[in-house]
Each structure stands twice: as C-alpha cells, then as structure tokens.
Amino acid sequence: MNTAAVASNVPSRRWQWVRSYGQELVVLSGIIVLMIVVGLYNPRFLSDNNLISIFSGNAYIAVAAIGMSIVIMSGHIDVSVGSLIGVLATIAGTLAVGDYPVWVAWLVPVAIGVIVNTAVGALIAFAGIPSIVVTLGMLSILKGGLISITKGNWITNMPGEFLIAQQRWLGIPAPVWFMVFLTVIVAVWMKSWPLGRSFYAVGGNPEAARAAGFSPQRTCVLAFMIHGFFAGIAALLFATQLQVIQSTVPPNLELTVITASVIGGVSILGGTGTVIGSTLAAILFACIGSSLVFLNVSAYWLRAVLGLLILTTVLADMIRRHRNRRSL
Amino acid sequence: MSARGLLFRHESVLALLLVLTLAVLAQQSDKFFTMANMLNQGRLMAEVGIIALAMTFVIVTAGIDLSVGSILGLVAIVMGVLWQKAGLPLPVAIGLGVVLGCIAGFANGFIITKFGVPPLITTLGTLALYRGLAEGISQARSVRGYPDWFFTLGQGELWGIPTQLWIFLLLAIITAVILGLTPFGRATYAIGSNSIAAEFSGIPVRNSYLIIYTLSGLFSAIAAVIFVSRVSTTRSDMGTGLELDVITAVVLGGSSIFGGKGTIIGTLLGLTLMQALKNGLSLAGVKGDGTIVMIGVVLIGALILSNLFQKKGDG
Numbered sequence: 001m002n003t004a005a006v007a008s009n010v011p012s013r014r015w016q017w018v019r020s021y022g023q024e025l026v027v028l029s030g031i032i033v034l035m036i037v038v039g040l041y042n043p044r045f046l047s048d049n050n051l052i053s054i055f056s057g058n059a060y061i062a063v064a065a066i067g068m069s070i071v072i073m074s075g076h077i078d079v080s081v082g083s084l085i086g087v088l089a090t091i092a093g094t095l096a097v098g099d100y101p102v103w104v105a106w107l108v109p110v111a112i113g114v115i116v117n118t119a120v121g122a123l124i125a126f127a128g129i130p131s132i133v134v135t136l137g138m139l140s141i142l143k144g145g146l147i148s149i150t151k152g153n154w155i156t157n158m159p160g161e162f163l164i165a166q167q168r169w170l171g172i173p174a175p176v177w178f179m180v181f182l183t184v185i186v187a188v189w190m191k192s193w194p195l196g197r198s199f200y201a202v203g204g205n206p207e208a209a210r211a212a213g214f215s216p217q218r219t220c221v222l223a224f225m226i227h228g229f230f231a232g233i234a235a236l237l238f239a240t241q242l243q244v245i246q247s248t249v250p251p252n253l254e255l256t257v258i259t260a261s262v263i264g265g266v267s268i269l270g271g272t273g274t275v276i277g278s279t280l281a282a283i284l285f286a287c288i289g290s291s292l293v294f295l296n297v298s299a300y301w302l303r304a305v306l307g308l309l310i311l312t313t314v315l316a317d318m319i320r321r322h323r324n325r326r327s328l
Numbered sequence: 001m002s003a004r005g006l007l008f009r010h011e012s013v014l015a016l017l018l019v020l021t022l023a024v025l026a027q028q029s030d031k032f033f034t035m036a037n038m039l040n041q042g043r044l045m046a047e048v049g050i051i052a053l054a055m056t057f058v059i060v061t062a063g064i065d066l067s068v069g070s071i072l073g074l075v076a077i078v079m080g081v082l083w084q085k086a087g088l089p090l091p092v093a094i095g096l097g098v099v100l101g102c103i104a105g106f107a108n109g110f111i112i113t114k115f116g117v118p119p120l121i122t123t124l125g126t127l128a129l130y131r132g133l134a135e136g137i138s139q140a141r142s143v144r145g146y147p148d149w150f151f152t153l154g155q156g157e158l159w160g161i162p163t164q165l166w167i168f169l170l171l172a173i174i175t176a177v178i179l180g181l182t183p184f185g186r187a188t189y190a191i192g193s194n195s196i197a198a199e200f201s202g203i204p205v206r207n208s209y210l211i212i213y214t215l216s217g218l219f220s221a222i223a224a225v226i227f228v229s230r231v232s233t234t235r236s237d238m239g240t241g242l243e244l245d246v247i248t249a250v251v252l253g254g255s256s257i258f259g260g261k262g263t264i265i266g267t268l269l270g271l272t273l274m275q276a277l278k279n280g281l282s283l284a285g286v287k288g289d290g291t292i293v294m295i296g297v298v299l300i301g302a303l304i305l306s307n308l309f310q311k312k313g314d315g
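Which chain is which? The protein sequence lines are A and B, in order.
Here this note's numbering is used: position 321 in the first sequence is 321, and no number is missing along the way.
Here this note's numbering is used: position 98 in the second sequence is 98, and no number is missing along the way.
The set of hints was computed from the structure by calculation and includes no laboratory data.
If you're wondering where the values come from, they're calculated on a predicted model, not measured in any experiment.
Any given hint could turn out to be false.
Unchecked claim - Below are the BS3-like pairs computed for lysine-lysine, each with C-alpha atoms no more than 30 angstroms apart in a straight line: (1) A:LYS151 with B:LYS114; (2) B:LYS278 with B:LYS31; (3) B:LYS261 with B:LYS278; (4) B:LYS278 with B:LYS114; (5) B:LYS278 with A:LYS151.
With these hints in hand, go ahead and build the complete structure from the sequences.
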C-alpha cells in the first residue's frame, strides 16, 4: 500500500468522533429515518402522546441494558436478567401493598438486585464457572422460585405514590429522566474514570489488563454488582408502569436487553461499546414496534424485523472491522 | 487413564449423582420406578434429547446454538401451513420442513464462518428471526386435524417402547460413534481446543462448522416433527425456551462451554438426571416450578463439584 492511500485512511481530527461513535450514529440515524418516513405516512406517529410512549415505554429496557453493556464489555454475559427483573418487581409490589413506607419498597429490590448479582459475579470470578452457565442456572432458580412462591397471583391496589413510572417531572415522564440521567452518568464515568475504563481493559485483553494492575476477578464482580443495581431500577420502572404486577417473568426480556446492548455497538468479544448506543437501541426497538402499528403491519412480524436488524448490524460491524484491518 | 483419573472424570461424578438421585426419588414415591412412568419420561425427553445430541457437537467446538427452539417452532409452523393451507401431502410437507431446518442451521454456520460473527450473537439474531418468521407466517393461528397415522411417531409404540425413543436411541448411537470414534469426531475436539492450530493441522475447520450447525438444524427439525405428532397440534410458540433446557443438559453432562471437552454419554447422563429430577420431584409433591429451581441448583452445584474434583485429580 502506498503512502497516499495510508494518509487518506487516517481520519482528520474533526471526523475522529464519527468513527469512535460509528455504531451509535447508525442507530440514531435509524431512529430519525424511521420517524421521518413513518411520520410522512401517518402524521399521528409524531403526536406528543406517541412520542412520549416511544421514549418512556422502553426506558426500563434501556436502564437494564446499561448494566448488561458493562457485563458484556468486560467479557461476560447474563441470561438471567429478565427473571431477576421479574423477581425484583414482585418484591417491590409486595412491599408496596404491605405496610411499608414507599422508600422501602423502592430501595429493598435494588439492594437485593445488587446482592444477588454480586453472588453471581463471585461464582464466575472465583469458582471459575463460565458466566453463561451460572446465569443459566440463576435463570432457572429465579424463574422457578418466583412462580412457585407467588403462584402467579397478580399484585393490585398499589398506593399511588409508589407508581414512580407514571409520575411526570417538568411534564416529562419519570422513566425518561431515569434513562437519560443514568445513561449520561455511566457514559461519562466509563470514558473518564480509571475504574470505569477498567471494564474495557479487562474485556479487551484480560492478560494485558492483569499486567497493567487490574484484577479481572474484581472487575467481574464489580461489573455484576453494577448490573444488579441497574436491574433493580429497571425492575422499579417495569413494576410501576401499570396498575398491576403480574408476578411472572416477562417473556424474552433477557434477549431484548442483550439485543439492545449488541445493536448499540457493544461487542460480544468484549472491550468495546458505549451505553449511549444501548439506550439508543432500546428507543429504536420502541420506534419499530410503534411503526408497525402505524404502518398497519401485523405486530406478529415484530420479532422477525428485530432478528433481521440484529443480523444486519452485526454483519455491517464485522465487514467494517475487516475493512479497517485491511487498511492498516 | 489411571483409576484415579477415571474416578474423578465428570461423567463418573455425574453417574454417582444420578444413582443417588434415583435412589432418593424412589423412596419418595412408589410410582417413580414403574416401567410405565420410565417409558413416559423417555417419551417426554426425546425432543430435548435429540437436539442435545447435536448441541454436544456445537459446544465441543466452543460454539453455542441459541436458535434451536426457534428452528423447532419455524419447522413446525411451515410443515403445518404447507400441509393445511398449500394442500401438499403430509409426507412432502414433513420432508420440506426438515429441509428448511437444515437450511436454517446452515445459515447459522454460514454467518459464523463467512463473516466471523461469534456463534452466540449469530444464533441470538436467528433466534429472533426464526421465531419471528414462525409468528409472522402463522399469525398466531394453530394448525390441527392431522391424520391418524402421523400420531404413531409421537404417541405410538414399537415393541412396547415409544416410537420417538427408538429414534432418539438410534441417533444417540450414531452421534456417539461419530464423536468418539471417527476422524470427524477427533477434528471436532481439535477445533474446540484450538481452532487455529486445527486449521494449520489441515483440518477443514470451516466445513466442520458448517456441517455441525446444519446438523443442529436437522436435529431440531426432527424434534419438531416428533413434537407436533406428540401434542397433535402446531403453534408458533412451540419450543420457546427449549434452548436453555438443551444447553443445561449438555453442560450438566460435562461439556465445557470453552470447547474441546464433552461426550455423548455425558450428555445422556445430564439429560437423564434433569428429567429424573423434574419427574421425581413432581411425583414427590413439589410443584412444577419448584423443579425448575432444583435444576438450576444442580447445574451450578455440579459444576462447582466437578471443578473441585478436577483440581484435586490434577494434583
């Protein structure tokens, strides 16, 4: 390769951020294009009510995907998050209809989420069992435990002040505030703080990270602790969305959360991605779901569209990487 | 292998655990050890079992196939729709369904080998895609009214043993021989231990992946036909979450998710232990969902135990 070709491949400083946020920009343009196209077809798609439901409806998925992204970046996976959210939501609801103050019903599930996932992280880090196996086991335990204890009874008559997801602050639904704030805080933390950057280091190359002084074990436990915290908040948003809690595990939630992380640009090989991408991906899902309704397409095709979306994003990512490698 | 090595093999630990479980469960209910119950359990585990055979190959290569439950659902729906809506004879519809299963599995292998996408992500995508196609094609309508002869496969018997158990045993023997005794089986282990070294040793790594993922699709399709025949109806949500049962059985059977390790006999033991727990506990009065908890506990417990024993066995 001659020098001119090499020079043309070195991006100028101004375009550097385009490259480092490539996947996030792809997802963002997906959302914008979808809004324009569907909005032209049916202007009611862009009505206030619909936009609010798009942004707040999947906020709990976005919040859960923040934690999932950290777990995946550090080279692990969690297939039990859907069951965990189901369990924590039920605990929150049970406390709320009991004689406990509202803040107890909010804090206890988050604390339990942290404790459970710290145990999961410790099993992975110190017993040497792969994360997919431990979380597969946790999935069975949480799901089976939940249904056999609650017998699938619905929780109703929750006090109004407990229903945090239905509150509005400055006219904007609370879930949107949670989603935006948590995403921004974590994104900045992971970019600028050494502890935040250690997830990238360990996920990218555990041996090199160990040599640089990061303990892969400690990073793994920490990643799962943080993941448990966000699962707890996601559970609160999920539990308080409606007037009832169904006391079951929301079907396929873990896959939706993992998918949001992956489409947002978190590489399953570890070491890359941002939580901005996963949040945008969660919004994109809500956008697609709503679009199908406004385009009069049967909702039964939603999953097929999502599947195609995962495959095309991942293929595009792979092709881009191959090209980058070749151009070096 | 030394006697000590044999004793500390994962399969030996598992066999011991299985005998112990069977003994305890037999105490709890006198219905447990009857022939009728055993055969009925065999009937129920055939579908998961058949897919677990192929999944053993996949996991031994350090891969994973999350799309098996969705392939099962897609094949079941396409078979039913081709027969009922398109008016094809049922054997032709079954044949086309099985071909579709192979194509679905091949597509997984193709994406993995051609573009280098990790198996976990590829099959996560096709899990959604295949299930989505099944839901889209069926529009949540089920297919019923299959002819009587079709039910012999899933509800009938041959010499006193459920038909699908014969199919399962036949496939188990074939896959055990292939994985344990043939060059292809050795190549599978080599790829799982170190795919780059395998490539340099002249093993056709890409073609092996393609064959193994196609096999996974084929076995999922066979399981789909048996499933439809057993429950007499076709729905698009058939086999949802089945992949987790299959992977649990295989991993419980000692296959390492990191590849290079695992046997068909281990998978059969893992599968039997799982089914015995489900059945025995429910006969002992534990409700259906409590048994799922036990399976999770046993999965994590067995791996901790096996890790401990292996460390001791090494030293």
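Check: Honestly, which of those hints from before does the structure not fit?
Finding: 1 and 4
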